[in-house]
Amino acid sequence: MLPHARQEMQTPRTRPRLSAGVAEVIVLVGGRQMVGMTQRSLVAVTCWNPQNNKWYPLASLPFYDREFFSVVSAGDNIYLSGGMESGVTLADVWCYMSLLDNWNLVSRMTVPRCRHNSLVYDGKIYTLGGLGVAGNVDHVERYDTITNQWEAVAPLPKAVHSAAATVCGGKIYVFGGVNEAGRAAGVLQSYVPQTNTWSFIESPMIDNKYAPAVTLNGFVFILGGAYARATTIYDPDKGNIKAGPNMNHSRQFCSAVVLDGKIYATGGIVSSEGPALGNMEAYEPATNTWTLLPHMPCPVFRHGCVVIKKYIQSG
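Following our numbering, the numbering of the sequence shown begins with 11 at its first residue and continues without gaps.
The hints are simulated quantities; they were obtained by calculation from the structure and are not laboratory data.
Being a predicted model, the structure only gives us computed values, none of them experimental.
Cβ atoms here follow ideal geometry from the backbone N, Cα and C, with glycine treated the same way.
One should not assume that every hint holds.
Pair by pair, the computed Cβ-Cβ distance ranges are [as the list claims (entries may be wrong)]:
hint, residue 1, residue 2, range
1, S281, G133, 34 to 44 Å
2, P165, E283, 35 to 45 Å
3, P167, A69, 36 to 46 Å
4, R239, G179, 37 to 47 Å
5, P167, A144, 14 to 24 Å
6, L303, S209, 35 to 45 Å
Listed below are the simulated DSSO-like cross-link pairs for lysine-lysine, each with C-alpha atoms no more than 30 Å apart in a straight line [claimed, not checked]:
hint, residue 1, residue 2
7, K252, K272
8, K181, K319
9, K272, K319
10, K64, K181
11, K248, K272
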């Protein structure tokens, strides 16, 4: 039996005893820190419970010095794919099992990649583009967590890495990124899973790289990137792009999630010389404003960030 499927077979008798209950939490996964002008890897995994404004340690990453990976939550587990370690581009897929608080190697992508995107559509994990062993990757594949099988789907029209990607209105969107010439791609690519087809448009307004995208209330929000405070909003119904309110900090290599109707931007780095940011800020759509929140456990960038439901033990 697959290790990440084992927990689905547990009974109330065999589950660990937990107190306090379930909370929807924001999880920070690994990343990099700045120590002076030197970067170092972070293996810590922590979660923030907005109900009591507390941070809790989770099982650390089972490897060291891995960067440029991608994380996504499926169910209440976390899947970490690819990345680079000691100059080697990886295909590994690791799963954090929320109930058991541990990490397991569960699969490998068919194409090693880093600086890629991953997201969930219709219960399956898609990995898109990225940087491979020999340059930019246009390859897209999806993973069934139940059967542990990968399936290739139609490739990206434009091979990019470090793009912003999200699901909105039944489509997968990939915004910007870095093209094969090493410049901002300036392209919006959209995928319809039902027909396995891509389309794309080129626009000078899509110049983001190293920035996350999230979906809220039917709109796509692209946050920061390239040492920017900008919020860019895409309306898929009208096909237009507009500027939203600036964040309080410039954030490159930050991560973002949606929780309880708000967008949370976490960490990032202000410039190539630093500093890394140790705070979060939240976007409230009702007031169209960003608000700084209490500090995270430590400054971090190039990290993963997801939302899951997690049993929080007391004490």
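Each hint tested on the structure:
no.	hint	verdict
1	S281 / G133: 34 to 44 Å	holds, 40 Å
2	P165 / E283: 35 to 45 Å	holds, 37 Å
3	P167 / A69: 36 to 46 Å	holds, 39 Å
4	R239 / G179: 37 to 47 Å	violated, 27 Å
5	P167 / A144: 14 to 24 Å	holds, 19 Å
6	L303 / S209: 35 to 45 Å	holds, 38 Å
7	K252 / K272	holds, 19 Å
8	K181 / K319	holds, 25 Å
9	K272 / K319	holds, 17 Å
10	K64 / K181	violated, 35 Å
11	K248 / K272	holds, 23 Å
Consistency note: the structure conflicts with the earlier hints numbered 4 and 10.
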